[in-house]
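There are 2 protein chains.
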Amino acid sequence: MSPLKNANITAIFMDKTYQKYKELRHKIADLDNILAVLGWDQEVYMPIDGAGFRAQQIASLSGILHDMCTSQEYSDLLESLKENQSLNFIEKRNIAESWRILDKNRKLSRAFMERQSRIHSEAYQSWIKARQENSFAVFAPKLKEVVDLQREKAELFGYVVSPYDALLDDYEPGLTTDIVEKVFIDVKKNLTDFFSKIKGRPHPDYAFFDNHFDKAKQLELCRELATDMGYDWNAGRLDLSEHPFTTSFNAKDARITTRVNEKDLRESIWGTIHEAGHALYEQGLPVSEYGLPSGSPISLGIHESQSRLWENNVGKSSTYIKTYWNQFQKYFPEAFGNVSDMQFFRGLNTVKPDLIRINSDEVTYHFHILLRFEIEKNLIEGKTEVKDLEEIWNTNIKEYLDLDVPSPKLGVLQDIHWSHGSFGYFPTYSLGSFYAAQFYHFAEKAIPDLQKELDAKNFKPLLQWLRENIHQHGHTYSSEEICKRITGEGLNYKYFNNYLDKKYAEVYQI
Amino acid sequence: MSPLKNANITAIFMDKTYQKYKELRHKIADLDNILAVLGWDQEVYMPIDGAGFRAQQIASLSGILHDMCTSQEYSDLLESLKENQSLNFIEKRNIAESWRILDKNRKLSRAFMERQSRIHSEAYQSWIKARQENSFAVFAPKLKEVVDLQREKAELFGYVVSPYDALLDDYEPGLTTDIVEKVFIDVKKNLTDFFSKIKGRPHPDYAFFDNHFDKAKQLELCRELATDMGYDWNAGRLDLSEHPFTTSFNAKDARITTRVNEKDLRESIWGTIHEAGHALYEQGLPVSEYGLPSGSPISLGIHESQSRLWENNVGKSSTYIKTYWNQFQKYFPEAFGNVSDMQFFRGLNTVKPDLIRINSDEVTYHFHILLRFEIEKNLIEGKTEVKDLEEIWNTNIKEYLDLDVPSPKLGVLQDIHWSHGSFGYFPTYSLGSFYAAQFYHFAEKAIPDLQKELDAKNFKPLLQWLRENIHQHGHTYSSEEICKRITGEGLNYKYFNNYLDKKYAEVYQI
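Protein chains in written order, with our numbering: chain A, 1 to 510; chain B, 1 to 510.
Among these hints, one or two may not hold up.
Which copy is meant is left open, so a pair is good if it fits within one copy or across any two.
30 Å max Cα-Cα, derived DSSO-like pairs, lysine-lysine [as the list claims (entries may be wrong)]:
no.	residue 1	residue 2
1	Lys409	Lys352
2	Lys20	Lys387
3	Lys16	Lys104
4	Lys217	Lys263
5	Lys107	Lys502
Keep in mind that the hints were calculated from the coordinates and are not lab data. Owing to the predicted nature of the structure, the values given are computational and were not obtained by experimental measurement.
Can you make the complete structure from the sequences, with help from the hints?
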């Protein structure tokens, strides 16, 4: 047998191994996506009494999925493909990324997972109770258990500098405490400067948002806007849920939800644009790469960049408001009959510190994230104790936003995240905004007359650009790499700063 | 160690084994019910392009479920519990029934299951094509493959008298060709007599059903009727789908769907009553027995008895129509303003042979089933060939219903069942009607003043009776046993015959 023949046989053997890896990834993805269907149904249509059995069904399937993801068979497949040089670039990347995740998964034993699941479930109940009683003391003991568990998890995962790195990496592969800190030094300085610029300037009027907006009409407009963005209704749908979200079972079934407040249309409209932005990313993932890293989104931060790009950079721009002004007036003549497009634009973009993160404007929002980032980092590094959180929270809100926190429900108890053990998640929200500004800057450079296209409600060139530069690659590249491919450098906060300067010059006429 | 102590240890050991069996049954049920969620979503809300990946996801989970249901672990557990005398009655029944199902499942290899899945999928596509081209010849070759496969399946399952017994047993445990044949001798004779009685009598007027009925109003009325029946909305919901169905993920989440035809309210109203009847059975199963035979419905026939009891014995009775007459008039004054309740009742119950099974009245419906039963039996027993089906169909429809079949779409191609390989399913529809009449007769005897309660829209005593006598037992008893417990004898067609006589005396005034 000639060496050539041997090489061929090896190649065929590798092909088969890679094929087996793909088949197993498909099965893993199938179960993962079935869990997403169960979650969607639970949030959107499940009758209330179905909750108990649904939790049990999810637990059963999660157990099977965990076993599959950490099985010897899977591990052996990856092991035999890891050093293989006959794989092409994307295949190599898939194996490397799959290996990285397997390695993390294996560090958490089934016993740890079950303990985590129990503690989070108890913590969530305790958070609900604490909110009802408006008392942080009710939540503190369980939150301490969650923090201890997260610190244990960080040790299990391992890290180089800070244990918080290990947690950040779970949501944003490669992200470290150091990177976030450096970005936030700029954020803090620039936003403080920004505040001083608009200080004393009169706030735009936004009383017209306090009106009645028919639910059916809001939903009709939401659908129209999502359609214009390029959201594919044959591969998705819009429903109502208590907390708006996007979920995807594959690129051909990526669903969004919204929430309608009849007293204020902003929640449904910009909520839908935001979720449709997430869903366009999912619908744009390559179908042929289903279940593989090359067919999956990169990270929470990049996902959030897609939603925020559409919501803020596009949807809250003066161009967009002008373009859709006829529609807003047609749908809601009573509310906006005597309002001009630019009044609407300015009202929509008013900067006004709010105690609640999710009600905050694009600027003060990031102080909320900074506050949470600092608290999380110090908790995980053991420099802060849970019992002191309420005081720390209130002091920092005063410092950053000049607001007094009247009660824990409006302060330290406002977010669900910590009760779920989501430490390291919050920073990805800010990263999303910063990446969005950076990407959008380059989209504007790359697409001839982008503003004119948007004026004409033609979002195809923008979507096409996002598809080509981001969506189609799945997770073949890291956040850092995709950012460098598009912009020539890693995450740079200056683009967001420039975006704010430009936008708020219009809003505050400075 | 005393013998007593030994016995205790054995009892504890058995307890633990039974506990393990229960835990495994829960996991099996979880996966089975997750498949039902995927099915519900597919029929009700899934966007069209999601179909491909959904099929793949269902196949993956089905494979895992099949492995679990036929695993050595499960088999060993059942084996060690099978002869155990320390189990109580219900536990023994659960083990016996679980063993029966395992034994059947193990007779079909994974290779057979995969072949079956492929053939059915191809047959379904071919049936769709045949209907489009209105040509039985297009479907015949694939149908022949399905029939051959079903015959092979019957051999794998094994049988005593007819291979068709093995297929019937899959839908109605214990049912045999012989039993069905005997019942249908009565059916044929009695229904023929019945026809001669009403022959020549003027048909009731039902032109008023040909009207406009607002969709939203129909749905409102559907909800009202289901609520009155006792359908628990905290443990279910009503949606729209192309083909109405009931699905249950557990007793706390049993959902129904309906279809609305704005030109005729009968589809949605009696369709909803029918599905709600199914769902009341599911909601009435004991929660503590989740996943066990003692927490599952008995059979398709008994399930159908619940839906038809509510739809026909209750919902199409003159009492029901009189009780709800104000509602019908309130919802649809234009259609029914000049109609009396008894005119409506008579119109609703007109006997008029129809080429299409699902459009048929309560009487001629059973000729449709007889026809299909005879064809299936002869095909599976090898006495008829697929190529002759169209001719056999048309000849028999002429004989039974005196109708000429103008085209295969209105004849042999009308049902989806055969393309899915559902041979042995049709007879359970008729059994459902017959069981319903038999049960209802005894409900009327057992519940003081049942008619008065129904007059007052009080369905609680009836539901309570069904819960106590049928629902709460799950599948602890067989169809035959439950029927004997309630009525002192097995299935007896005479109750249905008496029911028809009484009802149609009112309808046709004979």
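- Message: I want to check one pair: Lys409 and Lys352. Are their C-alpha atoms no more than 30 Å apart within a copy, between two copies, both, or neither?
- Response: within (20 Å within a copy, 67 Å between copies)
- Intra- versus inter-subunit Cα pairing at 30 Å for Lys107 with Lys502: neither (47 Å within a copy, 72 Å between copies)
- Using 30 Å as the alpha carbon limit, work out where Lys217 and Lys263 are close: within a copy, between copies, both or neither. Intra 13 Å, inter 28 Å, cutoff 30 Å: intra and inter.
- Task: Check Lys16 against Lys104 for me: Cα-Cα at most 30 Å, and say if that holds within a copy, between copies, both or neither.
- Result: Only inside one copy: Lys16 and Lys104 sit 26 Å apart there, 35 Å across copies, limit 30 Å.
- Message: For Lys20 and Lys387, with the copy left unspecified, which applies at a CA distance of at most 30 Å: within, between, both, or neither?
- Response: Neither way: Lys20 and Lys387 sit 51 Å apart in one copy and 43 Å across, limit 30 Å.
When each numbered hint is compared with the structure, violations occur for hints 2 and 5.
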